[in-house]
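K.L.:
This is what each chain is made of:
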Amino acid sequence: KNEVEQSPQNLTAQEGEFITINCSYSVGISALHWLQQHPGGGIVSLFMLSSGKKKHGRLIATINIQEKHSSLHITASHPRDSAVYICAVAKAAGNKLTFGGGTRVLVKP
Amino acid sequence: DGGITQSPKYLFRKEGQNVTLSCEQNLNHDAMYWYRQDPGQGLRLIYYSQIVNDFQKGDIAEGYSVSREKKESFPLTVTSAQKNPTAFYLCASSLTGIPGYTFGSGTRLTVV
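Protein chains in written order, with my numbering: chain U, 1 to 109; chain H, 1 to 112.
Read the hints as simulated data drawn from the structure, not as lab findings.
With beta-carbon atoms standing in for the labels, derived distance ranges: (1) U/GLN14 <-> H/GLY3: 32 to 38 Å; (2) U/ASN10 <-> H/ARG108: 20 to 26 Å; (3) U/SER82 <-> H/GLY3: 21 to 27 Å; (4) H/ASN28 <-> U/ASN10: 36 to 42 Å; (5) H/LEU11 <-> U/THR75: 34 to 40 Å; (6) U/ARG80 <-> H/PRO8: 23 to 29 Å; (7) H/THR5 <-> U/SER82: 22 to 28 Å; (8) U/GLN14 <-> H/ASN53: 50 to 56 Å; (9) H/GLY2 <-> U/SER30: 21 to 27 Å; (10) H/LYS70 <-> U/GLY42: 22 to 28 Å.
Note that beta-carbon positions come from the ideal geometry of N, C-alpha and C, so glycine has one too.
Please model the complete structure; the sequences and the hints are all you need to start from.
P.N.:
Encoded structure:
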């Protein structure tokens, strides 16, 4: 079993819909990252969380340390949100990241 | 602006040839990492370095080599011993012990 599991693997939404991506992990962590990868391949860091909730524009990320679970929400989704969203955790022992398999999001106009 | 530069963006090589991927950062980050991404799979750690002149193997180091002669640079060599080298390679950096990563834009290597 992977240490970081994401769901769903693929998601298609209509423009304007609310999107939720889930991430569960099974190890102790110092931080959890949400990343965005566009078709060109480059990765952008969206959020780094160690507790609670963060918001940036239409993106909201939450984490529940006790349940070892995090969610990424996209409100009022737009076609430009189409990308692969990746959850990654930094274990307590160091800075190396362990990645989930990614969630491919397609937002249709 | 500070960041990580990976070059080239696309690279083609013949089977059996060694190839070196470049990764340079001007963020004054101590730690640097190389990850490999295959279609439909998560990123996997190849090698990482937390200090100049020192590096450790990651989960899939076989067939790869690295060097860390300067803080700014962490080149990755894909050797002919790597059985399936065609993949997308990402470099990242961080300050040791402090959560927070910066990623490069990646190099897509195709071996024909």
